[in-house]
Amino acid sequence: MMFWLKNIVFALLLIGLAYYLIANQEALFSQNDEQEIISNESAIVEKPKISKKETNPAAEGLSRFYANLRGSEDEDEPRVRNNIVYLPPHKGDIVEILEAKRLVTRPLRKNWKSTKLNRPFRPEHTLHQKLSEYAKAEGLEVIWWLDKDFIIKDPFRIDKDIVDTAYQVGLAINGHFQDGLSTYFCYQHRTLVLIEKHKSYLDEECVKLPRKSRSRSF
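Residue numbers for the sequence shown follow our numbering, beginning at 1 and rising by one.
Do not rely on the hints blindly, as some may be mistaken.
[Said to hold, decoys possible] Straight-line Cα separation of at most 20 Å, DMTMM-like style, residue types lysine to aspartate or glutamate; simulated pairs:
{"hint": "1", "residue 1": "K116", "residue 2": "E141"}
{"hint": "2", "residue 1": "K113", "residue 2": "E77"}
{"hint": "3", "residue 1": "K116", "residue 2": "D161"}
{"hint": "4", "residue 1": "K199", "residue 2": "E133"}
Derived by calculation from the structure, the hints in this document are not laboratory data.
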């Protein structure tokens with residue numbers, strides 16, 4: 001009797017389990033499919049990458065300025081530290097550069113002066129940048145034959161003609177160079193030159209600034 005009773009109970013349990021599976025198969029399998037879809041989507045969608053590189057407009061402008069002067073962006077870039085721009089070595093010979101320029105340039109008078117203007121020098125530019133900008137407006141070029149340039153920290157103005165403005169800029173940074181620097185107005189080349197090392201060519205073909213005032217004859 002007990003044998004048949006156990007078999008009947010076991011059969012009822014199987015029938016109940018089968019009924020439960022049949023009644024809930026849609027819910028059970030749809031849940032598994034949904035979990036699989038979510039898992040696949042998470043594997044496909046990547047998290048957006050956040051760029052940690054911050055751009056500095058002033059630094060980019062400086063790099064473009066010197067790249068344009070050298071004619072290439074592949075060469076060594078200037079290094080900046082404490083508002084001082086350390087420049088890579090100059091290429092070529094300044095005497096050859098000036099002589100080639102003299103042959104194709106209409107000279108100015110030796111005592112030529114531009115219009116006197118109150119020229120501003122503002123932060124986020126360098127002295128070379130602003131001096132070159134003002135010189136270009138007067139039809140001149142600047143040769144900055146130095147190993148350093150200087151980022152303007154505090155705004156200032158120079159109320160002089162462009163030749164004397166170049167001299168004032170050179171005078172302001174003279175102490176940053178061990179042997180000092182010299183500023184020349186190369187009137188035959190329409191060029192202003194700031195240079196640390198002495199070149200006899202500049203003494204012979206250009207005017208060293210400041211200009212010597214002529215003594216009055218009586």
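Now the hints, each set against the structure:
| no. | hint | in the structure |
| --- | --- | --- |
| 1 | K116 to E141 | holds, 18 Å |
| 2 | K113 to E77 | violated, 35 Å |
| 3 | K116 to D161 | holds, 4 Å |
| 4 | K199 to E133 | violated, 25 Å |
Going through the hint list in order, the structure does not satisfy hints 2 and 4.
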